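Visitor: Residue strings, one per chain:
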Amino acid sequence: MAKKESTFNNMLITLLVVTLTASGSLGFVYQLTKDAIAQAEANKKNLAIKRVVPEFNNKPSEEFFKLPSETPGDTICFYVAKLDSDTVGYAVETYSKNAFGGLLKLLVGFLPDGTINNIAVLEHKETPGLGTKMTEEKFSSQFPGKNPAKFILKVRKDDGEVDAITASTITSRAYCDAVQRGYNSLKQHQNTEKGGEQ
Amino acid sequence: MELILLIIGTVFVNNIVLSQFLGICPFIGVSGRVNTSVGMSAAVAFVMVLATIVTYIIQLLLDKLGIAFMQTVTYILVIAALVQMVEIILKKVSPALYSALGIFLPLITTNCAILGVAILVYQKEFTLLPAVVYAFSNALGFGLALITFSGIREQLELANIPNGVKGVPIAFIVAGILAMAFMGFANIV
Amino acid sequence: MNQWNNFLKGFIKENPVFVFVLGMCPTLGTTGSAINGLGMGLATTFVLVLSNVFISLLAKYIPDKVRIPSYIVIIASFVTIVDLLMKAYTNTPGPNGEPSLYDNLGLFIPLIVVNCIVLGRAEAFASKNSVTSSLVDGLGIGLGFAFALTLLGAIREILGSMSVFGWKIAEGFAQLFNPATEYKQGDGMIAFVLAPGAFLALGYLIAFMNIIKKRYAK
Amino acid sequence: MLKTFKTGGVHPPENKLSSKAGIASLPLPKTVVIPLSQHLGVPSKAIVCKGDIVKTGQLIAQSEGFVSANIHSPVSGVVTKIDKTPDTGGYKKDAIFIDVQGDEWIETIDRSTELNKTINLTQGEIVKKIAEFGIVGLGGATFPAHVKASVPKGKTAEYLIINGVECEPYLTSDHALMLEKAEEICVGIEIMKKAIGVSKAIIGIENNKPDAIDTMKRASTGYQGTSVQALKVKYPQGGEKQLIKAILNREVPSGGLPIDIGAVVFNVGSIFAVYEAIQKNKPLFERVVTVTGKEIAKPSNFKVRIGTPISYLIDLAGGMPENTGKIIYGGPMMGKAAINTEIPVVKGCSGILLVSSGESCRKAIEPCMRCSKCVSACPMGLEPYLLAVLGEKSMFDRLEAEKVMDCIECGSCSYTCPSGRPLLDYIRYGKTNVGKIIRARK
Amino acid sequence: MVPIDCIGQKGIIEQIVDGTARVNVTNYSACSACKSKESCLMGESKSDIIEASIGDGQFSVGETVEVFMHKSMGNKAVVLAYILPFLVLFLSLVVFTSAGFSDLYSGILSLSLLVPYYIILYLSRKKLEKKFSFSLKKES
Amino acid sequence: MSMIIVYTIATLSGIGVVSAIVLYFVAQKFKVYEDPRIDEVENSLPAANCGGCGYAGCRNFAEACVKSETFDGLYCPVGGNDVMSKAATILGRNAVEKEPQVAVLLCNGHCDASPKTNIYNGATTCAIESALYGGDTGCTFGCLGHGDCVTACTFNAIHIDTDTGLPVVIDDKCTACGACVKACPKGILELRKRAKANRKIYVACKNEEKGAIAKKSCAVACIGCGKCFKVCPYEAITMGNNLAYIDADKCRLCRKCVSECPTQSIIEVGFPPRKIKEEAPGAVTGENAPADSSNSVSN
Amino acid sequence: MDKLITVSPSPHVHSGQSVSKLMYWVIIAMLPAFAVSVYFFGIGAIYLTLLSVASCVFFEYIIQKYLLKTPVRTSDGSAIVTGMLLAFNLPSGLPPFIVIVGALVAIGIGKMTFGGLGNNPFNPALVGRVFLLLSFPTRMTKYPVAEGFGTPMIIPSEALDASTGATPLGIIKEGIKSGDGIGQILQSEGLSYTDLFTGNIGGSLGEIAASALLIGFAILLIKKVITWHIPVSVMGTVLIFTGILWLFGFEGHQIVLDRTGISLPLLQYTDKNTLELVPFHMADPLFHLLTGGLILGAVFMATDYVTSPMTSKGQLIFGVGIGIITVLIRVFGAYPEGVSFAILIMNGFTPLINRYVKPRRFGKI
Ligand SMILES: Cc1cc2nc3c(=O)[nH]c(=O)nc-3n(C[C@H](O)[C@H](O)[C@H](O)COP(=O)(O)O)c2cc1C
Ligand SMILES: Cc1cc2nc3c(=O)[nH]c(=O)nc-3n(C[C@H](O)[C@H](O)[C@H](O)COP(=O)(O)O)c2cc1C
Ligand SMILES: Cc1cc2nc3c(=O)[nH]c(=O)nc-3n(C[C@H](O)[C@H](O)[C@H](O)COP(=O)(O)O)c2cc1C
Ligand SMILES: Cc1cc2nc3c(=O)[nH]c(=O)nc-3n(C[C@H](O)[C@H](O)[C@H](O)CO)c2cc1C
Ligand code: SF4
Ligand code: SF4
Ligand code: SF4
Ligand code: SF4
Ligand code: FES
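Chains as they are written, first to last, in the numbering used here: chain A, 1 to 198; chain B, 1001 to 1189; chain C, 2001 to 2218; chain D, 3001 to 3442; chain E, 4001 to 4140; chain F, 5001 to 5299; chain G, 6001 to 6365.
Just so you know, the hints here were simulated from the structure itself, not pulled from any lab data.
Quantities reported herein were computed from a predicted structural model and do not represent experimental measurements.
Treat the hints loosely; a few may be bogus.
[Unchecked claim] With beta-carbon atoms standing in for the labels, derived distance ranges: (1) D:S3025 to F:V5231: 58 to 64 Å; (2) E:V4094 to A:K187: 38 to 44 Å; (3) A:K187 to E:L4104: 37 to 43 Å; (4) C:K2214 to F:V5168: 21 to 27 Å; (5) B:N1163 to C:K2013: 18 to 24 Å; (6) E:E4129 to D:K3155: 39 to 45 Å; (7) A:K150 to G:L6031: 52 to 58 Å; (8) E:I4120 to B:Q1123: 58 to 64 Å; (9) A:E63 to B:K1064: 26 to 32 Å; (10) D:E3064 to C:K2214: 55 to 61 Å; (11) A:D113 to C:G2106: 37 to 43 Å; (12) F:C5225 to D:K3081: 22 to 28 Å.
Think of the CB as a built atom: it goes at the ideal place given N, C-alpha and C, for glycine as much as any other residue.
Chain A extracted, bound-state conformation (with noise of 0.2 Å):
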C-alpha cells in the first residue's frame, strides 16, 4: 500500500491522532495505577513504620506532623503509632548528612519513653559490603531497648558505646548521629507538649 503522502493536513492530523490517542491511552493506564502506586508508596511506609514500632492500630501514615530539625531548614517527621489511642511509640524519620555517601535517612521507632524500639534504613547512599553493613544484625542489634537517655549514642572510637561495623566508621557514626537526633528532636517535642499541657 502507497505511504501517506506527507502534505501539512496529513501531517497534522497525524500527529494529532497520535498524540491524542496516546494522551487518552496514558491518562487511561494513569487512572487505572494510580491507586495501586498511591498503595505502594503507603504500603513502603507503613511496612517500614510497622517494623520499627510496635504493634498498632491506627494509621501512622496519615497521622503525621513535622518538627524542625536541630540544623535550621530541615524539618523532621513523626509518625504516631497508637493502639487505641494510646501512643504506643513513634516512628521518627531522621536523618544524618554527614554518611560516606552523604544523606542517610533512617526511620527509627521510639517508645514513649525514648527507649528505642528498632530501627530501618530509609535511604543512603554507602557502599555496598561495607556501609551497607548497617543493615546487618551485628551492627543494628545494638540500638533496639537502648535508652540514649542512658546510653552513650557515640562509636567507641569516640568514647561511646556503639561498637562501630569495622571499616565504616562513618557510616556508623552517621547513624548514631540520626538517631541522636531524632531522640533530641522527640525529646524536644515531649516537652513542649508537655509544657503546653502545664
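Dock chains B, C, D, E, F and G with the ligands against chain A, hints included.
Guide: Frame of chain A, contents of chains B, C, D, E, F and G with the ligands only:
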C-alpha cells in the same frame, strides 16, 4: 557557597559520566580530537541549561495540572524539539556561523544526558537557580570527562593496543580506571 | 524457522550491547546485580516489543515527515506506561527494607525513551516489516538486551558481592552440602559493584565477545 | 667564560685518538674515483671523456646550477671511464674514474707554502672564484660555499662564525688543521669577511682542544675583529644553529637560515680551502681526513686527494683491524656506515672510523617507555619519541605540526634512548615524506 | 591534506557562482563512531551547504573537495553559538532570581533574553559571514 | 478525576503538535537525502575498507559509484567483477569487467642465491633501509625483506617466508588491492593478470645491472641475455634495462622460456610437474618451488 | 672479507643506558625503604613483597606469552618495579589472594591491556592498589602494629580490629572527627617527628620511613634515573598548600565547615550554637609531608616515566596537580590519604599536558 559545593560535587564526586552513567554513547563515540571535545562540551552546556529551564517551567505546569506522570513524554518531545530548534535558529540567524560549527563539531545528540539531568532536577526538588547550576555542572563534568578521555584516546592512537581490546573495550577500560581515580573525591563535599 | 533466526539474532549476532554498543547508560547503570539487569532488560523489551508492533501497524498511515515525532510519542507513551506499572507493582521493598526494584532502576526507566535501540529498531525494522516480524524482532533484540544486562549484572554481582540473584554463593554452597555449618561469607571485590567496575566489566566483556566472534567467524 | 647552547645536547665519550697525530701527506693512489655528486644540490656534469688526459686541478665536471659545485681533478692521469660506482649506501652513482700518472698540476696553482696575506680581489670576484674553484662546506653538509657567501638582498650579515668545534667524537681533522694552518685560516677568515661584508668573525672551539684555542688565539691577534670563543664540550655544538646560539645567544628561527639573524657559519676546513683558492689559485681537490678507531694501529690525520679509496687510507693507518664490524664514513654520531672500503673519499668526508664488531651492533629495540630522555637530549626542543611514532605510523600531517622539519638529524635522541629505539631512523623517514608533502604544496 | 592548524571536512561541490562554490557537506553526530548508525536515529547525519571561496584553484561541479577553516575559527564559532547564549541564560537567571522574581518568571524572562541575543546575531550576520570564510582544497 | 484525562490530552497534544511541527521543519530542512542505493551498493561491497579502489573506505566508494554516471575509473579490486556487476545491477548500469589480478613478487633473491654482503642493523622497515642503503646483498634492486608489504596488506595475503627471507603472496587471499605495490620502496611487487588456476610465469628479477654484475650479486638474477625473448612464440617478452619482462596479457603460459633461462630467473607457478626425461624429482608446487626446481633441472 | 660489515643509519654510538638498568636502579633505590619495612614488619614484609613481585612477573609472562603472543619482556624489570611498588602500597599482613588479585589488576588491567610497557596511561601499581582499596576497604585500611619480627605474616580477619594500628593521617582524621585538637591527638598517640622520619609508625610497607625514601630519591637523582621536577613540585605544593591551611587552622582559629557548605567568613571563632560544626584542624605541613606515602608517591610513583608528562614544564604542572589533589582529598575527602588517587587522576591528564605543554622549540618564531 552551597552552589559552589554543588558544582564541585556534581563535577568531581558524582560525575555525570563516570559515576551516574549518563551520556555514555557520545562519551564513547565522540572522536579522539581534544578540540572537538571542548566544543562539544560547550554545546552541551548551553543545551543542557536551556533544556533545564524549559523543562522546569513545563514541570510547573504539569504539577499544576496534576499530571506529573506525563513528564517523560513531554520532556522528550520538548528536548528533541529544542535541540533541533537551536540549530534551525542558528542557521536562520547566521548561516556562516552555522556552517563553521558544522565543520567543527559533530551534531549534539546527548539526549540521554539532557533528559536524565532534567529528570534528576525534578527528583532532587531543586529550585530554578540550583537546578540550572546543577545542569551546568553536569555539562562541566561531562566536558571534564570527555576532554580528559579524548586526550588519553589521542595518545592511545599511537600505542600498540592489543587487537582484542582495541576500540570500544579499551574506551570502557580507560573510563573504568578514570572512574576509579575519581572515587578519590568521595565525600569531598 | 526464519522467524526463529530473526529472534535469535539479537542474542549474539546483532546483540545491541556487545555488537552495536547501544544503550550503554542503562547497561552500566543498572547492572549492579543480576536481578536489576534483568528487570531493566525486561522493561526495555516490553517497550521495544509494543512500540515495534504499534509502529509496524501504523507505519503505513504515518507520513514520512512526521515519522520521527510520532514514533517518539508512541515510544514515550509505552515508556510512561512501564514506568507507571513498575511504580505500582514492583515498588515493594525487600523483607529487610532493601530498596525495591523500581527504586534501583530509578532514573533509567524513563530513559528507555532515548535508548537508541528502541527508536533505531522502530525506524530500521518495524517501519518496514510486518507486524509479526516486528514483534519477533522486538522480542529478540529486547531479550538480547536483557540477556546482556543480566549477564553483566551477574558477573558484577559474582565478582563484587559473591552472589547471584541475591544468592550468596559460598555461604549457599556451604549450607547446601552441610546445612549445619555456619559459614561466614567474605565480601567480594566491591569495586565491581561500584561505578569503575561497571566500566571495566563491560569493557572486558565486549572484548571477550569480540574475540569469540572473530574465532567464530573463522 | 665558556659558552654553550642551552637546549638539550649530550656528551658522548670523546675518543679523540688522533688529536696529537698531525697532518700526514700520503702517496698518491693508483686510481681515483670521483663521484659527480659530492655536494648538496644538483650533481655536476662531467666534461671529460674516456681517454682524456687530465692534470691535477683541472676542471673535470661542471656545476649544474646555482646550488651545485664544480669538480676538479685531484690527480693527473687518464680518464678510464665514466661509470657508476657505489656510494656509501651501495647505490650506484655516476663517477669519473682516473688512472693516476705522475702528479702534474695545472700551472696556475701556486704550490708554494708561504703565507700570502694580501687580498687583491673584490668582494664579487671572491665569491665568483669560490664558486669556480668548487668549494663546498667541509663541515659535513657540503653546501656550496658560494651560495652562503652571497648574502641575499635585504639581509645583512653581522658575524662570520668559524666552526672549529668538531663536536663529533673521534674526529680530529679540523683540530689538526687549526694547529697547522692557523695563519692561513686567519687569512681565509679575512677573505670571507670581505666576501660577505662583515667586520667581525668569531672562531668557536670546544674546550677539549686547548692547544687549538691557544694557537688560533695567537694567530688571530693580528687581525682586527677576529676572535676566538672557547666553548664547553657538548654535542652537537658544531651544528650551526647550536653554535650561533652558543656564541651569539641568537636563535636561528624555525625554518630560517643563519643569515636571518645576521650570521654566516663556515667550517675551518672550508675557510682554509677558501684561502687556498683565493691566494693560491688552488681548487678544492684535497682535504684532511681523520682515520681512526679504537683498534686501529695508527690513528692519523691525512691530507687526502678526493677520490682516493678509503681502503688505501686504512692501509696507511696500519691496516684494517681483524675484527672490524663497521666502517663509518664521518663521525660516529652523524657519519654514514659504508658498505665496504672501496668507497672513495669525497669532499664531505671528514673521517673514517673503524668500529670493532663488538661495538658495531645497535642494542636491541625495546618499547618506548616515555622516559623523556630523548626530549631532554634534543638540541632543537623537539619530542623525538613522538616524531618517531608518528613517522612509524606515517602520520605526516601531525609530524609537520610537531616541527619534524626542524630536526637537524644530530642523533642525540637515538644516542640517549635507553630503549635503544631507532628514533632518528624513523624521524628521517618522516622528514623525507613531510618534505615531499611540503614541496608538493608549493 | 589540509594545512596544519586547520580543520576540514569532505563535501561535494553543488554549484559554482562567481568565485564561490556551494559545497554540500554531511555532518555526522557524535555517535557516528557507533557501529550501527544506520539503525539508530540518534546518530543522525545532516547535509549542509557551505559557501566557500574558490581562490585560485580549479574546481568543477560534482567534484569531491575538502572544505576547511582555521581551528581558531571553530573556537570562535563555539563561543558565539553556545558559550555566549549560555552566559546570557545563566547570568540573567542569577540576576532575576536574586532580584526576587519567582522561578517561573525568571525562567521565562531568561529564556526571552535569548531573543535579543539572536536578533543581534542576525543583525551582524554580514560581519560574521566575512569572519567565517572557508577555503577549498582538492581531495587528497 | 476525568479532568486529568482532559489535561493530559490537552498538554500532550499541544506540546506534541508544536514540537512535531518543529521536528517536521527540521526534517524538511536538514535531513540528508541519502540515496538508498548508496546503502545497497555499500552492502554489496566487501567492507574491507582497504582503499584499494582509491577511496578512503567502502562507503566513500559506494557514494562515488552512485554519484557518478558511469563506472569510469571506479573498480573495487577486492570484490572484483562479481561485486561490480552486483553494483551495476543495483544502479542499472553496465558493469565494467576487469581481468582479475594478483600481486606478484618480481624478485627471487633468496638467501642462497643472493648471499648477504652486509648486515643491516637499522629500523627494520623497507622504506627506511632503502632510503640509505641499497640492501644488504650486492643487489640494490631486490627485496629487503622487512615486510613493509606484509604490513600494508589488510588481507593477510603476504607473509615473509623465513627460509628464503622473501615475501610470499598467497594467491587465494590476494585481492589485488595494490596496497603492497604502493608500499614497496623497491617497486618489485606488481599486479598482473590472474591466469587460470593461478598459473603464472614471470621474470623474478628487477636488477638493471649488466649481466655479469647482476649475476655476481645474485645467482638467479636476470642477466638480460635475451634467450627467452628469442624463444617466446607470442612476443610476450620484451627486453630493456638489461632485463626481460613478460607481459602477462600476451603470455600464453607455454613455458618455453622457463627452461631457456640460464639463471633460472623465470618462474613458473601452479603448473603440474613436468614430465622430466631423467629421473623425476619430487613434484614441484607452491611458491618457493622454483628454487628447488632450478636445482633439479640443472642436476 | 669473511666477516660481514654492518651498516646502519647514524648515530653509531649509544649511551649504554637501558630499560633494565634504569629499572634495576629504581629497585636499588627502593631497598632502603624495604629494609626499614622488614625491620618493622618482619617476615611479613618480605613475604608480601616477594609474593607481589612474583605474581606481577608471572602475570606479565603469562599474558605476553599466551594471551598477546608478543615477545616476553619480563626481564626488563618493569614488572618487578610494579610488583615492589604495589607491595609498598599494601599494609603488611594481607592475605595472599588479595595480593595476587592486586598484581593481576595491576599487570593485567593496568599494563598489558594497553599493550605493555610504555603504552599504559595509568600507573599500573596504583591501578592495582586503588582497585584493592575500593574492593577490600576493610583489609586495606587496617595496618598491623609494627612488632618487628613478631608481626604476624597474615592477620586473620577476626583479629583485624584487635591487632591493627592506623596511619598517622588516619589517626588525625579520626581524631579531628571526634573533635580533638591536633596537638592533643599526636600527644595521645605518642607520635613524634622522629618516628615519622624513621618509620616507626603504622602504614603500608613502603611508605613509613621518610628518611629511607629520601635516600632512594638521592640515588635516583644521582644516577639520573629521574629529574627533580616531579618529586619536588609534588612535595613543595603539599608543603605550601597545607601550610596555608595550617596557618588558617591553627590554635584558636578554625575554618568552619559543615556538610552543606563552608560558612563565610572563613575565619571564625567556633560557635557551637549556631551551626552544626565540624571543627577543622590542620596538621602542620611537615606532618603532611612525612606521612601518607607522600614521599613514596612523589619519588617513585609519580615519576613513573610512562604515565608522567614528557617535558619539565609539564612535569611541574603534573606535580602541582598531584599536590593540590592530594591535599584536597586528605583534608576534605573521605580518605585519610590521597596520593594514590591524586597520581591516578593526574595520569589521566597527562596526555592533555603532553599535548599542550611542548618543550621550548629551538628558534620558535
Ligand atoms: C571504596 C570504599 C568505600 C567505603 N565505603 C565506606 C562506607 O560506606 N562507610 C564507611 O563508614 N566507610 C567506608 N569506607 C571506609 C573509610 O574510608 C574508612 O574506613 C574510614 O576512615 C573509617 O575507618 P575505620 O572504620 O577503620 O576507622 C570506604 C572505603 C573505601 C575504600
Ligand atoms: C635550500 C638551502 C638554501 C640555503 N641558502 C642559504 C643562503 O642563502 N645563505 C646561507 O648563508 N646559507 C644557506 N644555506 C646553508 C645552510 O644554512 C647551511 O649552512 C647548510 O645547510 C649546511 O649546514 P649544516 O652543515 O649545519 O647542516 C642554504 C641551505 C639550503 C639547504
Ligand atoms: C649535528 C651537527 C653537528 C655538526 N658538527 C659540526 C662540527 O663539529 N664541525 C663543523 O665544522 N661542522 C659541523 N656541522 C655542520 C655545521 O652545521 C655547518 O654546516 C657548518 O659549520 C657550516 O660550514 P661549512 O658550510 O663550511 O661546512 C654539524 C652539523 C650538524 C647538524
Ligand atoms: C622511575 C620509575 C618509576 C616507576 N614507577 C612505577 C610505578 O609507580 N608503578 C608501576 O607500576 N611501575 C613503575 N615503574 C615501572 C614501569 O615504568 C611501569 O611498570 C610502567 O608503567 C609499565 O608500562 C617505574 C619505573 C621507573 C623507571
Ligand atoms: S636527531 Fe633530530 S630529533 Fe633527534 S635529537 Fe637531534 S634534532 Fe632532536
Ligand atoms: S628516550 Fe627512548 S624510551 Fe625514552 S622517551 Fe625517548 S624514545 Fe622513549
Ligand atoms: S598482496 Fe598486495 S595486492 Fe594482494 S591483497 Fe595484499 S596488499 Fe593487496
Ligand atoms: S617486497 Fe618490497 S616491501 Fe616487501 S619486503 Fe621486499 S622490499 Fe620490503
Ligand atoms: S544510552 Fe546512549 S547516551 Fe545514554
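Visitor: Next, verify each hint and record whether it holds.
Guide: Comparing the hints with the structure gives:
Against the hinted window of 58 to 64 Å, the Cβ-Cβ separation of S3025 of chain D and V5231 of chain F comes to about 59 Å, which satisfies the hint. Range check, V4094 of chain E to K187 of chain A: Cβ separation about 42 Å, and the 38 to 44 Å hint holds. Between K187 of chain A and L4104 of chain E the beta carbon distance is about 41 Å. The supplied range of 37 to 43 Å therefore holds. Here the CB-CB span from K2214 of chain C to V5168 of chain F is close to 24 Å, well matched to the stated 21 to 27 Å.
Roughly 20 Å separates the CB atoms of N1163 of chain B and K2013 of chain C, a value that falls within the hinted 18 to 24 Å. For the hinted restraint 39 to 45 Å between E4129 of chain E and K3155 of chain D, the CB-CB distance of approximately 41 Å keeps it satisfied. Between K150 of chain A and L6031 of chain G, the C-beta spacing of about 56 Å keeps the proposed range 52 to 58 Å intact. Look at I4120 of chain E against Q1123 of chain B: about 37 Å separates their beta carbons, and that is not inside 58 to 64 Å.
E63 of chain A and K1064 of chain B have their C-beta atoms about 29 Å apart, which keeps the hinted 26 to 32 Å range intact. E3064 of chain D and K2214 of chain C have their C-beta atoms about 58 Å apart, which keeps the hinted 55 to 61 Å range intact. Taken as a hint, the range 37 to 43 Å holds for the pair D113 of chain A and G2106 of chain C, whose Cβ atoms sit roughly 39 Å apart. Between C5225 of chain F and K3081 of chain D the Cβ separation comes to about 23 Å, which falls inside the hinted range of 22 to 28 Å.
Violated hints amount to a single one, hint 8; each of the other numbered hints is respected by the structure.
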